[in-house]
Every structure is written in C-alpha cells, then in structure tokens.
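Those protein sequences? They're chains P and A, same order as listed. Read in order, the letters of the first sequence correspond to residues 0 to 223 in numbering that gives the first Met the number 0. Read in order, the letters of the second sequence correspond to residues 0 to 274 in numbering that gives the first Met the number 0.
For the record, the hints were derived by calculation from the structure and aren't laboratory data. Check each hint, because a few of them may be wrong.
[Unchecked claim] Below are the DSS-like pairs computed for lysine-lysine, each with C-alpha atoms no more than 27 Å apart in a straight line:
{"no.": "1", "chain 1": "P", "residue 1": "K136", "chain 2": "A", "residue 2": "K216"}
{"no.": "2", "chain 1": "A", "residue 1": "K79", "chain 2": "P", "residue 2": "K152"}
{"no.": "3", "chain 1": "P", "residue 1": "K151", "chain 2": "A", "residue 2": "K78"}
From a predicted model like this one, the values you see are computed outputs, not experimental measurements.
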Amino acid sequence: MGKFRFNLSRDLWAAHYISEKELDASNIIKIVRDGVLRGFAVYSILNYDAIKACGILDLCADGKDVLVELIDKIIEKAVNSGVDFIFLRECEEPYDDAFDAKGFFYFMESVILAVLLNPRELLLALSERIHHGKVLKFVVEGFDPILVKVGKKGIRVIEGERSDLKVLTDSKTFLRLFFGQTSVLKEFLRGRITIDRIFSLSTLVRFFSIIKQRRWYIPSGDWT
Amino acid sequence: MKFSDTKRKIRNLRPGEEEEHLEMLNLCFDPWGSVEKWKKLYVQPNFDASKNVVIVEENGEWAGGGTAWFREALTKTSKKIKVYLAGDLYVHPFHRRKGIYSTAMRSLNDLARKRGAAIGFAFPSIYRTPSIALPKYGFARVFHPTTRILVLNPEKFLQYLIHQAQEAYLPRKFEGLRLKLVVYFNLTGRGHKALRTFQVKKGKLCESASAVQDTKKFDLTIDADIDILLGISACFYLKQKALFPKLLLAFLRRRLKVRFSLNFLRSILGLCKID
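Chain P extracted, bound-state conformation:
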C-alpha cells in the first residue's frame, strides 16, 4: 500500500534541490552499481554565523546496504568540508537503525499541522465505483453534510439517498482520524465523534480504515 505524499514534478524537484544542469555538481552523491542508479543523496553546506552544518535535503536508496554507503560518503564529505554537524529531517522511513549505527541521534524540532478546508472535495477524490453499502450522513462541524456510501473496500460520495446512520465530528478529530493519529473507538469514548446508531459503529470504523493515510512523505524542500 502506498503512502500520502506530495507529487513532486521534475521542475519542482529541481527548484527544491538541484537543477538538472547541476546534477553532476559536488553536492549530490550517487551510488551506481552495474550501471544502475541504486541511490542518491542531495546535501547542502549551510553557514549559521561561525557554525557550519551539512543538511541532507533528499535521500533515496533501494536497500539498506546502499543507504549505509550513502551515509558513509556524506560523513566523509562533511568531515572534509569542516562541518560541525550533519542533520536530516526524515519522514517515517525504514532502516532507521542504519543512522543509529553511525552515531546519529534523533529529536523532534518541528510538527506538521493540517487544516481541513473542504471535506467534500477530499472524500470525492477518494470515491470509488461502489454500488452496495450503508449510507452514512457525515457531518463535520462548520461544513455542509456529506452523504457517503461505505462499501466493503471503498467509499463513494453520493446525492439524494436516505441515510442509514448519522455521524457528527469536528474537523480536527476528522484530520487526526484521516491521518491515522487516533482511533474511532478512542474518539467515540472521548465524545469527539458521535453516531446516532451505536450498532452501526463498525460501518464508521470501516469508513475510516478505508480513507486512513497512515504513512506519509512530504519532501523536505516543501517544509517552508
């Protein structure tokens, strides 16, 4: 299963990190094996007054061995450039232990916040061609109600049908459920999500398990 991610076009990638003309420049490290590109890292040397830092902007590897080789090369380049520290802002990624083994430690310095602007547009984008299922009248506080048919494997935004159950929540709870930061049961017990037919709670649980986006990738160049 994929992840929620920003679609980075070629020109946007170039704007964030490095233009195609500069692809052979010194601030990109490539691992090529048998003529095939297996991984790359784009980094930048930053100066904060008298402090020199190496920021890893983008890192892509098709296996742990390639990642380890990339990390070694970045450290080597950083040491040669007289850098004081190396940093990398990472999304949820596998092979975290590769960084631990090299002496990296981690901490939290930023948080990603989201605001719901149009739940109808969002659910319309997630709609599938399903014909059978319970109809849920979904009300997010501050927005018009939305009728959603919840099938076994998909959902569909519909019009003019009678609803089987009504669900009421607020936009923040909706977002936390949408991005998999909490569970329906937890929010139901907290009273942040209400349902008029308790026996249809499983439909609501299924609805959120279908739309939930637990894994994510936002390119560091977009962290404005």
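Following the hints, complete the assembly by docking chain A onto the known chain P.
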C-alpha cells in the same frame, strides 16, 4: 485610536513589490533570509507571487501578510487532491497585538479554499509561537517528524542550539530563572562535556558570561546527555504525556540529573515568581 476606527484591507502582492516584501520579512522575522532564499521560495514553478502572497493593510500601512504554496498530493491509493502550504506569516512590529496574524491566516485559508484545496499544511518549529497559535485557526497536529543529527563538533553544535533556544518562546513563570546546564556528548570513540549558564530575561534565554561553579546560585541545574536533553525539551513543548516516563527512564539510567531550588519548585507550582 479605537480599533473600530481602523480600516483593514486585504490585497495581493503587486508586481514590483517583491523587494519590499523581502524587506518586510527580514524586519519581522529578524532575520528571514537572503535574496537567494526568497527566489528559491517565491520563484517556483506554478507559483505566482501576485496571486499567492496575501498582504494585510491597516489604515493604508503594510501591517502583515502570509503566503500560500499549492501542491498536488497523492493518497495511498494514488488519488489526487489539491493541498496548500501556509507559510511566512508575519506582522510588522508596530502592528502587533491587533489581530493582523489572525486576518492573514484566515485570508490564506479562504484563498486556498477558493482555489480548490481540500487540506492545508503548516510546518512550524515546536519551539516557536506558530505551533501554539495555529490550532486556533483549525490546524491539528497530524505528523511528528524527527530530525537526525550527527555531531562532529560538540561546542559548535551547542552554540547553534543555544542560538535556536534564544529565539524560543518561554512561559512567563520561568522569568528570572538561573539555569546551569551540563551536557554530555557521546561521540564515536570519545566523550565530551560542555557547561553553560543562563538566565531567563524578558521571556528569552540569555547566556551568562561566567560559569559560576556554586550550584546553590542556580534555580535549576541539569546534567544530561544531549539526546535526553533534546528529547525532554521536545516533550515539554509538545505537552506530551511521554515526558514523565522519559524523565523517569533517564533518571534510572543515570543519563539525567536535576537539582533545583525551593524557589524554582514554588514557581513551577504557581506559588511564587522567581526573583
């Protein structure tokens, strides 16, 4: 002048105002960045500064603003949705505490909604005020990214952290606090110990010139490994419940030692102010 007499206007950045916009950002963020940084963010594919940059005017004066960057996001099933990124929200120092930030933020959300965005995103530092302010405008915490660090020069890294900490928001109850910090770095093959002393003045952490050795002169003395120190400060700012187990575990592993005065304890409990 009463607020009711003021005339507030929202408009877009006009062609030719780019340089003035950069000056405003540098004035308000003190500093924001260079022309190169401005170009990187404001001369992007499919980005039109005259449509995406919102300016708030108060009685004809440029009082604040903000910027919206639009992106296409793909869901786990590769469905496309339009999203926007809110950033560079600023208020001119002469116009603070008048609700300019609120006007700019709401205008950005309205602009994004009209342009078809389903979700908006913001990426504030946990140590700055926007991470506290944005939830008032409907923002919810959805992801907690981590930063990986490899320290090569501990003294310089600490200097960088102190610089960052000096810009952080500190609750009023810490005013006057005298802090002694002993930080341990576990570098590959060698260890390093660094000592710094501070005092909180006007809500900011100020480094004291001399490292006084007498522990009794400090309200709070912290001895900790660097990763423990950063982990605990993140939990404190995020108001995470994980703070207490983290503290306890660090104590038990002898990776954290804390000494505090009775005065400090009283101020934490809200019984008195640190003088």
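Earlier hints that do not hold, by number:
1
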